[in-house]
Structures are given as C-alpha cells and as structure tokens.
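J.: The residues making up each chain are set out below.
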Amino acid sequence: MLELKNISYTVSTPEAGEQTILKNISLTIPDSKLIVFTGPNGGGKTTLAKVIMGLVTPTGGQIFWNGEDITALDITARARLGISYGFQQPPRFKGITVRDLLTIASGDSKLSKDQCCRYLTQVGLCANDYLDREVDVSLSGGEVKRIEIATLLARHSALMIFDEPEAGIDLWSFARLTETFEQIHREHTASMIIISHQERIIQLADEIIVVGGGELRHRGTTEEIFPLIMADTLGSCPVLNR
Amino acid sequence: MLTEIDSRLLEKIADLTGKPVGAFNIRKDSGCEARQSTEHIEITPQSEGKSGIVIRIKPGTKGEQCHIPVIISKSGLSEMVYNDFYIGEDCDVDIVAGCGIHNTGCDESRHDGVHTFYVGKNSRVHYAEKHYGEGDGNGKNVMNPQTIVYLEEGASIQMETVQIRGIDSTKRYTKIVCGKDAEGVITERLLTHGHQEATSDMEIVLDGENARGRVISRSVAQDESSQLFYPRMVGNAKCFGHVQCDSIIMGSAKIRSIPEIAANSTDAQLIHEAAIGKIAGDQLLKLQTLGLTAEEAEDTILKGFLA
Numbered sequence: 001m002l003e004l005k006n007i008s009y010t011v012s013t014p015e016a017g018e019q020t021i022l023k024n025i026s027l028t029i030p031d032s033k034l035i036v037f038t039g040p041n042g043g044g045k046t047t048l049a050k051v052i053m054g055l056v057t058p059t060g061g062q063i064f065w066n067g068e069d070i071t072a073l074d075i076t077a078r079a080r081l082g083i084s085y086g087f088q089q090p091p092r093f094k095g096i097t098v099r100d101l102l103t104i105a106s107g108d109s110k111l112s113k114d115q116c117c118r119y120l121t122q123v124g125l126c127a128n129d130y131l132d133r134e135v136d137v138s139l140s141g142g143e144v145k146r147i148e149i150a151t152l153l154a155r156h157s158a159l160m161i162f163d164e165p166e167a168g169i170d171l172w173s174f175a176r177l178t179e180t181f182e183q184i185h186r187e188h189t190a191s192m193i194i195i196s197h198q199e200r201i202i203q204l205a206d207e208i209i210v211v212g213g214g215e216l217r218h219r220g221t222t223e224e225i226f227p228l229i230m231a232d233t234l235g236s237c238p239v240l241n242r
Numbered sequence: 243m244l245t246e247i248d249s250r251l252l253e254k255i256a257d258l259t260g261k262p263v264g265a266f267n268i269r270k271d272s273g274c275e276a277r278q279s280t281e282h283i284e285i286t287p288q289s290e291g292k293s294g295i296v297i298r299i300k301p302g303t304k305g306e307q308c309h310i311p312v313i314i315s316k317s318g319l320s321e322m323v324y325n326d327f328y329i330g331e332d333c334d335v336d337i338v339a340g341c342g343i344h345n346t347g348c349d350e351s352r353h354d355g356v357h358t359f360y361v362g363k364n365s366r367v368h369y370a371e372k373h374y375g376e377g378d379g380n381g382k383n384v385m386n387p388q389t390i391v392y393l394e395e396g397a398s399i400q401m402e403t404v405q406i407r408g409i410d411s412t413k414r415y416t417k418i419v420c421g422k423d424a425e426g427v428i429t430e431r432l433l434t435h436g437h438q439e440a441t442s443d444m445e446i447v448l449d450g451e452n453a454r455g456r457v458i459s460r461s462v463a464q465d466e467s468s469q470l471f472y473p474r475m476v477g478n479a480k481c482f483g484h485v486q487c488d489s490i491i492m493g494s495a496k497i498r499s500i501p502e503i504a505a506n507s508t509d510a511q512l513i514h515e516a517a518i519g520k521i522a523g524d525q526l527l528k529l530q531t532l533g534l535t536a537e538e539a540e541d542t543i544l545k546g547f548l549a
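So the protein lines, in turn, are chains A and B. Residue numbers 1 to 242, in this note's numbering, belong to the letters of the first sequence in order. Residue numbers 243 to 549, in this note's numbering, belong to the letters of the second sequence in order.
Misleading hints may appear alongside valid ones.
To be verified - If the Cβ cut is set under 7 Å, some of the chain A residues that face chain B in the computed set are:
| # | residue |
| --- | --- |
| 1 | T76 |
| 2 | Y85 |
| 3 | P91 |
| 4 | K94 |
Unchecked claim - In silico DMTMM-like cross-links for lysine to aspartate or glutamate, where the CA-CA straight-line distance does not exceed 20 Å:
| # | chain 1 | residue 1 | chain 2 | residue 2 |
| --- | --- | --- | --- | --- |
| 5 | A | K94 | B | E402 |
| 6 | A | K94 | A | D132 |
| 7 | A | K94 | B | D524 |
| 8 | B | K372 | B | E402 |
| 9 | B | K304 | B | D334 |
| 10 | B | K545 | A | D108 |
| 11 | B | K520 | A | D136 |
| 12 | A | K94 | B | E538 |
| 13 | B | K545 | A | D100 |
Simulated from the structure, these hints should not be mistaken for laboratory data. Every residue gets a Cβ at the ideal spot worked out from N, C-alpha and C, and that includes glycine.
Using the sequences and the hints given, assemble the complete structure.
T.: Here it is as structure tokens:
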C-alpha cells in the first residue's frame, strides 16, 4: 500500500519567484488497484508520480510504502523495494541493446530469450526483430516507448507507474498494451498508477484521480468522474461554449 | 619463458589463453618469445637491421587467424617496430595484434609500431588491435602506433582498435587507401583517465570508383585526461564516406574533435557527424529506476557506449 501524506513541492526561480507545483496532497493507494491520474497539462500529474519514484524530492510531506517511511530513500532504494516508473519520454542509449535493458530490469543476468520475448510480446513487439537492437536513435519514438514499458514488466514490481504510456504508440499496439494492463489488473499482481488522457485506459481504472493546479480536484470511479472530465473539457473552451 | 604477468597481458590484449592456434608471433621485451608459421601464413623477421616481422598470406587463404601480440614488462624499454603484411588475392583472414605494457618501474616504457598492409584483390581482412597498460610505478606507458593500409580492387578491411585505460600517452595514426570497389572501416574505442593524453589521426582516402569508407569513433575522457581526434575522409572518385565521432566527457577532461571531409570529385558523397557531451541525466535516472546505483548506472552506460 502506498500512502502520501501532505505532499508539497515548491520551486523558486529568479524569473518567476516561488511557485507551488503540488499543494498538500494526501492519498492512499491500496494493493492491486489500477489508478489513473488525469487532468490538464501542467497540473502536477507527472511531478506527483515522480515524487513517488524519488525522481523529485518533495519540499514537504511524507511517503509510506507498505508502512515504511521512504521519503528519504533514493530512486535505487525505492526501485529495489518494488516501485517502478515508465518515463513519458524514455532516454536512448548508444550501445545498450533491448536485451541488455530487459536483463538489467529483471535483475537476472541469465534472462532467457523466451522471457524477453514474453515481455516484448506484451507490448506488441517481436523479440526476433528487437532483442539485439540498440536502444538508440535508430528506433522510433513509439518503439522506444514500448521497450520502456517492457522493462517495467520485466521488473515484476509491486507498484508500476506509467507516464502517458499511450503517447506515440499506434492504435494496434495500443490495443495490445491495454490488454496487458487489463491482464495485470485481473491477476492482482501489482498496483498501477497510469497517467493518461485515453478514454480506453480511463475505463480500466478502479479509481480516477483528477489532478489540476497542484491539487487532487476529483476522485471517484469511471462512472462518477468521466462525465466531469467531459464537462470540464467542453466548459473550458470559449469557442465551443458560444 | 612467459611469466604469469605476461600471460595476463596476452589475455587482455589478444584474448589468448595458452598457445594460439594457427600462425603467431609473440614479441616480448623486444625479442621473439615464440613464432609459428603455417602452410598459408608465413612469418619471417624483417631484414636490413629493421626490428619487426613480415607476414605473407598466400592467395586464397580463408578462415585463418594470425596473432601477433607484443608485451613489454621491462620498465624503461623503448622500441620501434615495423610489421609488414602482404595479403594475397581472394583471402579472408583475421589478424589480431595488440600491445600490453606492465611497468612497475619509474622509467617510461614505450612501444612505437608501424604496421603496413598490402591487401590483394577481393580479399577481406579483419584486424583487431587492443592496447593495454598496467603497473604501480611512476613510469609512463607510451604507445604510438601507425597503421597504413593499401586496398586493391574489391578488397576490404575492418579495423577495430581498443584502448581502455592504462596508456599514459598515445599518438595514433591510421591511413587507409581504397582502390576500386574497396572498403575501409575503422572502429575506434578509447577511454582515458587520470592525466592521460590521446591523439588519434585517421585518414581514409577513397581513390577508386565505388570505394567506401567509414570511421566510427567512440571515446570517453575522464578526470584530467585529454583527447584529440582528427578523422579525415578524402573522396577522389565516385565514392561514399561517413565519419562518425561520439565522445563522452567527464570530470575536468578536455576533448577536441576535428572531422574533415574533402571531395575532389563531383561524385564523391561524404558525411561527417561529431558529438561531445556528458552522460545524459535521464539515462542515469532511468537505470536507477531499474535498481542500479548511480555508480552502476554510469558504469553500464560507459560499457555499452564503448562495447
């Protein structure tokens, strides 16, 4: 179980002065749940997710993972405790192959081709075409994104955070990806936090959390929240409202 | 007699454990430790008082290897070696060179070598050269290799050079002259640290029609070390050449990369790319989210980059 208590994040720059990115956020995510963070761009979704992974250090509040205070733990320690994170724009590596990344992610230096194949198939890639390819600029954005998601699957972590997993992925691969999320959810093997604007993913969620202006604006089931999102979308457009 | 240190050096530079198979020449402290010719590959000493060897490979030799490692374990030893390779037509051979220095003294150990290849028509050569230095003394390890290759029609050479740590000063000069339909490829891997200095001067001259040349250089400069790259591609006919230099800079190191492409024919198609940068922060973060420490992540990135 993940618990965030009064998480705040404030940055200060000479140009803009002090800016509050996250305002006193408290949140509990029980085991095996699929939670979707959604909301307007710049609202704080990615920062909140990065705070959980340790990629951003909050200026206030505490984070508990299975009852342990992990606020002061670094990224590596959190990863080893079972938290993983899929970047919105994953980095590329010259000289590091898809197999290398999956091997590192799994923690098994003898990870077999069959196992690699299983992870890649879950994101719609064929191992024969990709295993020995370098994760460099020769791969498209969508390919790198799917490999990123495969590395999370290889970690078998208890909490998987995905930042806009659908971005840059074609429709066919996206359908395969949502099946994978559904399967993980059905098997109750992990909790998932997915930052997404995709209706298909939102519909898979146990709970939707709308993050905006650095706060949790709404929380609820798909049935409760989806109409609010649609109303917000139309309501905020002055042209459509005329 | 090879000592334990010698054996370790041989393993580092030539992946040799025990006696090599096929033709070989092991040079130790300026002397010949062991030599073996085969039916198709003949190794003889240089004449006219020059130090070094002559390797003659008969036409049609395929699938054979030739190992010619050099090891220096005497501190203060300085040598100039000339090795000439005559490779007949229609060959396909692997040549593994390399130099290892173990210097525990206070004097400079130095190996300067000139390798000249004459590669016959339609022959393929894979040439690997590893440089390695070690020792706990204050004596410097210095290596200045020169490699000159002449490729006849349809011939090709894949040259892989690796120097990872241990060599305090190196000035490398490599030149490949490509005839018609010939191909020269240089893959260079270099890591310097401490106060080491490395200069790599490379030139591929595309003389013949449909000649192809490629330089792929990757380097890492750490601490206070400095590197200078000067890869040049000259197109004198209808040809294709590509120079690609990538460097990772760390600590207080300095890197200069000066690629040059020169066309002397309207049908020459030449490209160069050069980049110097530090390890990207998001690469380190990504690997940490996979459970590696920051140090392990850096090591993984460098190993991959130099693989």
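J.: If a hint holds in the structure, say so; if it doesn't, say that too.
T.: Here is what the structure says about each hint:
1. Because the smallest distance between the Cβ of A:T76 and any Cβ of chain B comes to about 5 Å, under 7 Å, the interface hint for this residue holds.
2. Taking 7 Å as the C-beta contact cut-off toward chain B, the hint placing A:Y85 at the interface holds, the least distance being around 5 Å.
3. A hinted interface residue such as A:P91 counts as satisfied when its beta carbon comes closer than 7 Å to some beta carbon of chain B; here the least separation is about 4 Å, so the hint holds.
4. Annotation: A:K94 was flagged as interfacial toward chain B, and the flag holds, the nearest CB pair being 5 Å apart, inside 7 Å.
5. For the hint pairing A:K94 with B:E402, the CA-to-CA distance comes to about 18 Å; that is within 20 Å, so the pair holds.
6. The suggested pairing of A:K94 with A:D132 holds, with an alpha-carbon distance near 13 Å, which does not exceed 20 Å.
7. Distance check on the hinted pair: A:K94 and B:D524 sit about 13 Å apart at the alpha-carbon level, within 20 Å; holds.
8. Pair hint B:K372 plus B:E402 holds up; C-alpha atoms about 8 Å apart against a cutoff of 20 Å.
9. Straight-line distance between C-alpha atoms of B:K304 and B:D334 comes to about 4 Å, which keeps the hinted pair within the 20 Å bound.
10. For the given pair, B:K545 sits about 18 Å from A:D108 by alpha-carbon distance, which is consistent with the 20 Å threshold.
11. Between B:K520 and A:D136 the CA atoms are separated by roughly 16 Å; this keeps the pair inside 20 Å, and the hint holds.
12. Restraint check: the Cα-Cα separation between A:K94 and B:E538 comes to about 17 Å, which is no more than 20 Å; the hinted pair holds.
13. Taking the CA atoms of B:K545 and A:D100, the gap is about 11 Å. The hint holds against a cut of 20 Å.
Checked against the numbered hints listed earlier, the structure breaks none of them; every hint is satisfied.
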